[in-house]
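Asks: So the sequences go chain by chain: A and B. Take the first sequence: its letter number 97 is residue 99 in the numbering used here, and every next letter is one higher. Take the second sequence: its letter number 56 is residue 199 in the numbering used here, and every next letter is one higher.
No lab work stands behind these hints: they were computed from the structure. Hints are supplied without guarantee of correctness; some may be wrong.
Computed list of lysine-lysine pairs in DSS-like fashion (alpha-carbon distance at most 30 Å, straight line) [to be verified]:
id, chain 1, residue 1, chain 2, residue 2
1, A, Lys-19, A, Lys-59
2, A, Lys-59, B, Lys-247
3, B, Lys-169, A, Lys-59
4, B, Lys-169, B, Lys-213
5, B, Lys-247, B, Lys-199
6, B, Lys-199, B, Lys-213
Label pairs and their in silico Cβ distance ranges [claimed, not checked]:
id, chain 1, residue 1, chain 2, residue 2, range
7, B, Asn-181, A, Val-14, 22 to 28 Å
8, A, Lys-17, B, Ser-167, 35 to 41 Å
9, A, Glu-22, B, Val-187, 24 to 30 Å
10, B, Leu-204, A, Ser-55, 31 to 37 Å
11, A, Thr-78, B, Val-187, 20 to 26 Å
12, B, Asn-173, A, Gly-5, 20 to 26 Å
13, A, Val-76, B, Ala-224, 34 to 40 Å
14, A, Phe-98, B, Gly-202, 21 to 27 Å
Where is the CB? At the ideal position from N, CA and C, for every residue including glycine.
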Amino acid sequence: GAGVSQSPSNKVTEKGKDVELRCDPISGHTALYWYRQRLGQGLEFLIYFQGNSAPDKSGLPSDRFSAERTGESVSTLTIQRTQQEDSAVYLCASSFSPDGQGGSPLHFGNGTRLTVT
Amino acid sequence: SQQGEEDPQALSIQEGENATMNCSYKTSINNLQWYRQNSGRGLVHLILIRSNEREKHSGRLRVTLDTSKKSSSLLITASRAADTASYFCATDRRFGAGTRLTVKP
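With the sequences and hints as input, model every part of the structure.
Replies: Written out as structure tokens, the structure reads:
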């Protein structure tokens, strides 16, 4: 079976442009997560979707960041008016059930490396 | 915001030695998970320990959990060069900063 798929794998954009990153979770996984990882650092939580519940947006660093997910399918992370400090690897993960409850492990995609010039 | 904090930040050992990494967290948890990351891309789940468990084994991995101290440790026994990677603990969908392990052949 396919794992979590992210696209594009690499994206170079000019400062001030908008970018859209895509995540295809594993089929049947109800929970989906976005993280940002700057070079040499840990994972910074951005947003979490669980089924049709309201997403946990507490990790979004500014209003330039937004994400959508329809049902239990594809999610897109949008960064508007990109800045150089947005340069990072953006990782998506999905899990069968919400973390903290059943304790399902997260399955990660290979990430999108975003470079803002 | 981060929930877990790993210690040490970096660890370098010889092949065959054991490696121990620690994780501390701040709030009560239902479970704690350890992940491995190679080459700065996707993470791979290693092991999950529930809050009512104190120790768990998986192959050469041993994880302990002390909820009274809000801490966990990951022990890799008989390390191999292929174990070289970054290791992260995670609780409540938050990850720590990770421990960078280097195993020298």
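Asks: With a cut-off of 30 Å on the C-alpha distance, tell me whether Lys-247 (chain B) and Lys-199 (chain B) pass.
Replies: Distance ~26 Å between Lys-247 (chain B) and Lys-199 (chain B) Cα, so the pair holds.
Asks: Starting from Lys-199 (chain B), check that the Cα of Lys-213 (chain B) is at most 30 Å away, please.
Replies: holds, 16 Å
Asks: Against the range 24 to 30 Å, how does the distance between the Cβ atoms of Glu-22 (chain A) and Val-187 (chain B) compare: consistent or not?
Replies: holds, 27 Å
Asks: Taking 30 Å as the top limit, are the C-alpha atoms of Lys-59 (chain A) and Lys-247 (chain B) close enough?
Replies: violated, 41 Å
Asks: Look at the Cβ atoms of Lys-17 (chain A) and Ser-167 (chain B) and judge whether their distance stays inside 35 to 41 Å.
Replies: The hint (35 to 41 Å, Cβ to Cβ) holds, given that Lys-17 (chain A) and Ser-167 (chain B) are roughly 38 Å apart.
Asks: So the hint says 31 to 37 Å: do the beta-carbon atoms of Leu-204 (chain B) and Ser-55 (chain A) match that?
Replies: Taking Cβ atoms as reference, Leu-204 (chain B) and Ser-55 (chain A) lie about 33 Å apart, which means the hint holds.
Asks: Go ahead and decide if the range 20 to 26 Å is satisfied by the Cβ distance of Asn-173 (chain B) to Gly-5 (chain A).
Replies: Holds - the Cβ-Cβ distance for Asn-173 (chain B) and Gly-5 (chain A), about 25 Å, lies within 20 to 26 Å.
Asks: Should the hint that Phe-98 (chain A) and Gly-202 (chain B) are 21 to 27 Å apart at their CB atoms be regarded as holding?
Replies: holds, 23 Å
Asks: Does the hinted range 22 to 28 Å hold for Asn-181 (chain B) and Val-14 (chain A) at CB?
Replies: Once the Cβ atoms are compared, 23 Å apart, the range 22 to 28 Å for Val-14 (chain A) and Asn-181 (chain B) holds.
Asks: Would the hint linking Lys-169 (chain B) and Lys-213 (chain B) be met if the CA-CA limit is 30 Å?
Replies: holds, 7 Å
Asks: Given the hint of 34 to 40 Å, is the C-beta distance from Val-76 (chain A) to Ala-224 (chain B) inside that range or not?
Replies: holds, 38 Å
Asks: Within 20 to 26 Å or not, the Cβ separation of Thr-78 (chain A) and Val-187 (chain B)?
Replies: holds, 25 Å
Checked against the numbered hints given earlier, the structure breaks only hint 2 and satisfies all the rest.
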